[in-house]
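Engineer: Sequences listed follow chains H and W, in order.
According to full-length UniProt numbering, the residues represented by the first sequence are 1 to 188, in order.
According to full-length UniProt numbering, the residues represented by the second sequence are 1 to 370, in order.
Everything labelled a hint here was simulated from the structure, so no lab data went into it.
Mixed in with the good hints there might be a few duds.
Claimed, not checked - Across the chosen pairs, the derived CB separations fall in these ranges: (1) W:G13 / H:L151: 40 to 50 Å; (2) W:S45 / H:L72: 52 to 62 Å; (3) H:N8 / W:D222: 23 to 33 Å; (4) W:A24 / H:A68: 33 to 43 Å; (5) W:A170 / H:A20: 56 to 66 Å; (6) W:D222 / H:R176: 45 to 55 Å; (7) W:P104 / H:P48: 35 to 45 Å; (8) W:A260 / H:Q127: 26 to 36 Å; (9) W:A24 / H:G148: 57 to 67 Å; (10) H:P77 / W:A18: 43 to 53 Å; (11) W:S239 / H:L121: 43 to 53 Å; (12) W:R263 / H:Q127: 25 to 35 Å; (13) W:G137 / H:R176: 42 to 52 Å; (14) W:D222 / H:H88: 47 to 57 Å.
Idealized CB from N, CA, C, for every residue including glycine.
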Amino acid sequence: MTPSPRFNLPARLLHWSMAALILAMLLIGVAMVTSLADYHALVSLHRPLGILILVLALLRLANRRRHAPPPLPADLPMWQRRAAHASHVALYALMLAMPLVGWAMLSAARYPVALAGPLVLPPILPQSPVLYAGLRSVHTVLAYALFGLILAHLGAALLHALIRQDGVFSSMAPWRPRRAAPTLRPEG
Amino acid sequence: MSLLNDLTGAPPGLPPHALLLRLAAIGAVLAGTTCGFAYVGGWLSPGALTPARVIDRFEQVNGPHPGFRRNHAKGLCVEGRFAASGAGAALSKAGLFAAGRVTPVAGRLALAGGQPYAADAEATVRSLALRFTLPDGEEWRTGMNDIPVFPVRTPEAFYEQLLAAKPDLATGKPDPARLNGFFAAHPESAKAAALIKARTVTAGFADSTYRSLNAFRLVAADGRDTPVRFAFVPERAPSPETAGQAVQQDKNYLFDALAAELRQDALRWHLVATLGRPGDPTADATQPWPADRETADLGTLALTGSTPEAPGNCRDVNFDPLVLPLGIAPSDDPLLSARSAAYSQSFTRRAGEDKTPSAVAGAPPHGAAL
């Protein structure tokens, strides 16, 4: 069995749609906490989008379990391999943790987690202002951590695409590479 | 440059200027993304009015009172139920207006202002906040006040007014020059202040009329969309506050009277929706609507008991006026989103603070055997 050099189509679709959604969520999040005029509109968007990201992240993990991602280039230094592995674990953890912490903190504050129309999610924590205050801070800290990780991810992806040209970027690129990446090493 | 090629893993054939250019392009993308994030997050516009600054101003005007609401700090929890008349069913698809539907309600009667230990006073604005618990997790939360119109039209004016109306330490009254300056800049607030001052102050919480002030929209199943202003109108005929009432009695005379009445019997209000017509101001809470507007009596609120603020009851609820069930929607009033944002900020701050008991402890029922 030879692993495919590209992520499968569901993985690529999930990656790029979630990239757009997560970036939008981070921007909506920082905008809404400082906004008076748009606060309600942004919060009303933030809650259903967060739950959508939670669902997509679970789908993505399930797809990843069934279809292993293509291996990293053989010549990638060990520290970069470790960084790539750790940052992906952290990205997945945050994709799941951000919506769950959001849902949990709203539950502790007894805000209805309204999604769309009359659809309201049930609370997942008992009512507790102290818990709410703690989770509310955690939500902010994790959001900044996620933004930082996304910057690092974006920087590394561009480094692979523009400088190393080692096939890592094209394995996730939404388009099919015009030619095989010249420096892509055969699997050792 | 081969060192840089080695460091970045660039192929040896990539010339140094091309490598540097590509590194610069990557740096620019990352810097641009960070700047976009900072811009949207308001870091590049430090002068903008934010929820945090609104609540900072409450703290500046009232002093620190950790654990308490930054506004309407002194209050008493109440519970009861709302029985729909059915008159609202044609106007709104919200289930709580269906004929015969009885919805449990928890709420809070409070005095405006950020001083949790202030003595009850005749002129202080009284408020009624309610949380209707609908089936399937939907809720309607509302905060209403016993004034005919709201004193300001915009969040920015609200922010200015907080400081302009701050009582002077020496006189206990706002600095007249500052207040007049504010009214000169906001003639709509001067008109509203005159209407508020001219209102009849009733004997207590029980015979006050509480108004939403902001407009909302009732959305019917057939899509009909009606601008409304809500009011809770007491069933009991209002009696004016007596002159002696306020001066002689205890610091909590309004709350104590309410708790005593609720121990005797339920208190009832009618939820009356005033139906706006095209042209009625929905985005200006300082303006009254014409007095001849049609109204609909949506049902009866019966408050059946009171409890002092305690963990898990009204103390820990944010009566955010934009927690609405399907069938009630916000109007274009800019104050609504601002109230939602500021309430949330106040709630988040107090949620993390140590609590001290409310001044309204609630006298024990007469007769311990009860």
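Engineer: Confirm or reject each hint.
Structural biologist: Quick rundown of the hints versus the structure:
Between G13 of chain W and L151 of chain H the beta carbons are some 29 Å apart, a value that contradicts the proposed interval 40 to 50 Å. S45 of chain W and L72 of chain H have their C-beta atoms about 42 Å apart, which leaves the hinted 52 to 62 Å range violated. In this structure the hint that N8 of chain H and D222 of chain W lie 23 to 33 Å apart at CB is violated, the actual value being about 47 Å. At roughly 35 Å, the beta carbons of A24 of chain W and A68 of chain H sit within the given window of 33 to 43 Å.
One distance hint, 56 to 66 Å for the beta-carbon pair A170 of chain W and A20 of chain H, holds here, with the actual separation near 59 Å. Our hint of 45 to 55 Å for D222 of chain W and R176 of chain H holds, since their Cβ atoms are close to 51 Å apart. Checked against the hint of 35 to 45 Å, the C-beta distance between P104 of chain W and P48 of chain H comes to roughly 27 Å, which is inconsistent with it. Our hint of 26 to 36 Å for A260 of chain W and Q127 of chain H holds, since their Cβ atoms are close to 29 Å apart.
Checked against the hint of 57 to 67 Å, the C-beta distance between A24 of chain W and G148 of chain H comes to roughly 21 Å, which is inconsistent with it. Hint check: P77 of chain H to A18 of chain W, Cβ distance near 22 Å, so the stated range 43 to 53 Å is violated. For the pair S239 of chain W and L121 of chain H, the beta carbons lie near 46 Å from each other, so the given range of 43 to 53 Å is met. Our hint of 25 to 35 Å for R263 of chain W and Q127 of chain H holds, since their Cβ atoms are close to 27 Å apart.
Between G137 of chain W and R176 of chain H the CB atoms are about 46 Å apart, so this pair conforms to the stated range of 42 to 52 Å. Separation of D222 of chain W from H88 of chain H is about 51 Å and conforms to the stated range, judged on CB atoms against 47 to 57 Å.
In this structure, the earlier hints numbered 1, 2, 3, 7, 9 and 10 are contradicted, and the remaining ones agree with it.
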